[in-house]
Amino acid sequence: MIELKNITKTYELNKNDKVVALDNVNLTINEGELVVLKGASGSGKSTILSLIAALSKPTSGEVIVDNKKISKLPDNFASVYRRDNIGFIFQKYNLIPTLSVKENIILPLVPLNPPANEIVEKLDRVAKMFNISHKKDAIVRNLSGGEQQRVAIARANVNDPKILIADEPTANLDEKLSLNFIEILRELKALNKTIVIATHDPLFFDLDFVDREIQVHNGKIIL
Amino acid sequence: MKNKINVYLIEYAINAILRQKSKSFFIVFVFTLLTFLLTSVFFITNSIRYELDSTVDTLPQIIVQKIKAGRHYDIDVDAVDNILEIAGVSDAVARVWGYYYFANAGVNFSVVGIEQYENQYKNSFDKIASKFDLSEIDSKVSMVVGHGVKETMHDSYYKEYFNFIKPDGTLKRVNIAGVFEADTQLESNDVIVMSKDTIREIFDIDESKATDIVVKVANPEEIPMVVSKIKLIYPDTRIISSEDLKVSYQNIFDYKSGIFLALFIISLFTFFIIIYDKSSGLSSEEKREIGILKAIGWRVDDVLKEKFYESFIISFFAYTLGVGFSFAYVYIFQAPILQNIFVGYSQLKTSFELPFIFDLQTLFLVFFLSVPIYIAATIIPSWKVATLEADEVIR
Amino acid sequence: MSSDLLKKKNAFVELVGLPDLAISTEATYVRHRSVSDIFSIYKDDGTLREYFPSTYAISHSHTMNLHSTNLHAIKKNNEK
Ligand SMILES: Nc1ncnc2c1ncn2[C@@H]1O[C@H](COP(=O)(O)OP(=O)(O)OP(=O)(O)O)[C@@H](O)[C@H]1O
Ligand SMILES: [Mg+2]
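Protein chains in written order, with our numbering: chain C, 1 to 223; chain P, 1 to 395; chain E, 1 to 80.
Just chain C, with the same shape it has in the complex (with noise of 0.2 angstroms):
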């Protein structure tokens, strides 16, 4: 399902000097499958995850998904696509403060402009499904990290994605709301969508519902 070719990801720095965040790398997730990718911090982990959601396009390499070539798309393209396949949990989040919980829930279905009911629907089901009903019309500036982090996951499956995407989920939780979200993952895992995380956090090592953990160093996927 998703394909990622001799992938290769350098950032210019200035003339003389540039980072090699990525370095062709070559990795194949299937359908339903969750993936964990781990390694230190600038190991490259993020930057998979932006060129599997078409955020950033590859220095040379190819990202395929359900057979079509992402990192070729023209940048309206890559919207749509994001719009209609993926699912993306940030990891400082990336809500708009100042915008109530439902607002930011139903943002990707703006531009959409579906009919009223539907979207109610749609966002009553996520809601639901991440126990964030209760505060809809909060402003999420006021909102606790733990809840922030539901409305972010809410957004992210408004659209009810066949792929998602978090990175480093549990990074600003403690432990207790970290296990939470193990939970949340696992729900979603059995509604059979490909998942890949990124993350440190050994919360995630050796879990009974993780298909593959996949280390990464140094722009490299070890195997």
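I should point out that these hints are in silico values taken from the structure, not numbers from a laboratory.
Computed from a predicted model, the values in this text were never measured in an experiment.
Check the hints yourself; a few may be wrong.
Stated by the list, open to error - Simulated pairs of lysine-lysine, DSSO-like, Cα-Cα distance not exceeding 27 angstroms:
| # | chain 1 | residue 1 | chain 2 | residue 2 |
| --- | --- | --- | --- | --- |
| 1 | P | K196 | E | K7 |
| 2 | C | K15 | P | K287 |
| 3 | P | K209 | E | K43 |
| 4 | P | K68 | E | K43 |
| 5 | P | K287 | C | K57 |
| 6 | P | K127 | E | K7 |
| 7 | C | K135 | C | K176 |
| 8 | P | K68 | P | K246 |
| 9 | C | K18 | C | K5 |
| 10 | P | K66 | P | K166 |
| 11 | P | K66 | P | K196 |
| 12 | C | K38 | C | K176 |
| 13 | E | K8 | P | K246 |
| 14 | C | K189 | C | K135 |
| 15 | P | K349 | P | K246 |
| 16 | C | K136 | C | K189 |
| 17 | P | K246 | E | K7 |
| 18 | C | K57 | C | K72 |
| 19 | E | K8 | P | K349 |
| 20 | C | K136 | P | K287 |
| 21 | C | K69 | P | K384 |
| 22 | P | K349 | E | K43 |
| 23 | P | K349 | E | K7 |
| 24 | P | K66 | E | K43 |
| 25 | C | K92 | P | K21 |
| 26 | P | K287 | C | K72 |
Claimed, not checked - Here are the simulated distance ranges between beta carbons:
| # | chain 1 | residue 1 | chain 2 | residue 2 | range |
| --- | --- | --- | --- | --- | --- |
| 27 | E | L6 | P | I5 | 39 to 49 angstroms |
| 28 | C | V19 | P | I5 | 42 to 52 angstroms |
| 29 | C | L112 | P | I357 | 45 to 55 angstroms |
| 30 | C | K15 | P | I5 | 46 to 56 angstroms |
| 31 | E | L6 | P | N82 | 30 to 40 angstroms |
| 32 | C | V80 | P | T320 | 31 to 41 angstroms |
| 33 | P | K23 | E | K43 | 48 to 58 angstroms |
| 34 | E | F39 | P | A328 | 36 to 46 angstroms |
| 35 | E | T47 | P | A103 | 18 to 28 angstroms |
| 36 | P | I5 | C | I222 | 47 to 57 angstroms |
| 37 | P | Q361 | C | V80 | 37 to 47 angstroms |
| 38 | E | L6 | P | Q361 | 15 to 25 angstroms |
| 39 | C | G32 | P | F25 | 47 to 57 angstroms |
Every residue, glycine too, gets a C-beta built ideally from N, C-alpha and C.
Starting from the known structure of chain C, arrange chains P and E with the ligands on it as the hints suggest.
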């Protein structure tokens, strides 16, 4: 679904405006002030020009002045006879009028002479002058004055008559026989009408001289021809035709003259500060927001559409507000303060009603000077950010 | 403007025969701008004397020095 207006996008745009209360308020304030100032100025000048244009056809067809050493000079009354001989001329009259400085109040009056009070004048006086006493006019040396003149004279305790100081220092007492009606103030405020004989005495103008000569031409088509003939006979004259007057009325407010320039510069300056501020880059929160929207699947044109709604709503709202205020200010409150810029702070106060003119052109002009520029200034920097890689923006 | 008032104003203008409005009466070149000569703007002062603020907004007449335009009219007529 393509053609349907996306209410969620509009809702989001309105939300975005309301979220940044102080910033939006500031923009609305400056924008409203700008449109208010511009439209008010245009409304007032339009009204004044309308006022002028409404009487332009009543003015003399040709005015002949003698110019000597570059200055307006008294013309020989004999010229009237020669002008009357030109083919096409139906009438020519030597006029006497001038500018009388009333030192006591520091005010200038425009003194205009007419032939002895003939019947035709009596009729028109009946129409335009109040407190008009016919019997007095026939028996005493008298005048009809504008409203402002009356007030000024009253302040100096001249209620029944006025003493003009003649060039030789002696006084000439002239009776106030009537006052022009107050609603013609804009034309009549500083005017004194009296007989030519009295004016000649007050200004010491010889019987053989006149201030200028007005000429009537039966066929308006022939005016240029008559003008050139007069010019041939009297090369030392300046001839003002009704066409020239129209031209003169048209350019009464040219956009180069002082206060306009100042007003424009200040307004444009303020406006461009805002635009500069906007186009010099978005704040990091604004950038981040665009990045987030793109990351969750908004296309560039979705973002730009939202920015368009946002800027259109705010600028159109401010525009409407500014225009509304200026309508009320100019036509209901008669433009206090700003009106004085155009009619002057002269000692002789003129108060008048600005005639209401609904001028679509002004509204369009101000609209296109403001709203699209603002929208562009909002969209362009957003477009710059929106076309960046989303990953870069939200990192 | 009501037609009644318009009639009154026109009657007044016809009687007096002077163009321009009774505003800025301290400045001849504004009060009688259409019939002023080029010197009237320097009458009170060697430099252009402004009567703030009306003379900033109202420009003096551009037909002030009509010598040239009149000559132009003559030429045109002679050509005919
Ligand atoms: N936009 C960028 N410009 C320059 N360098 C970048 C950029 N993005 C990432 N890098 C560099 O690429 C390398 C990989 O970064 P990446 O964020 O993928 O690491 P990571 O494994 O996610 O680390 P962490 O666990 O700290 O999130 C790092 O050295 C980082 O400094
Ligand atoms: Mg990372």
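Are there hints from earlier that the structure breaks, and if so, what are their numbers?
The structure conflicts with no hint, since it agrees with every one listed earlier.
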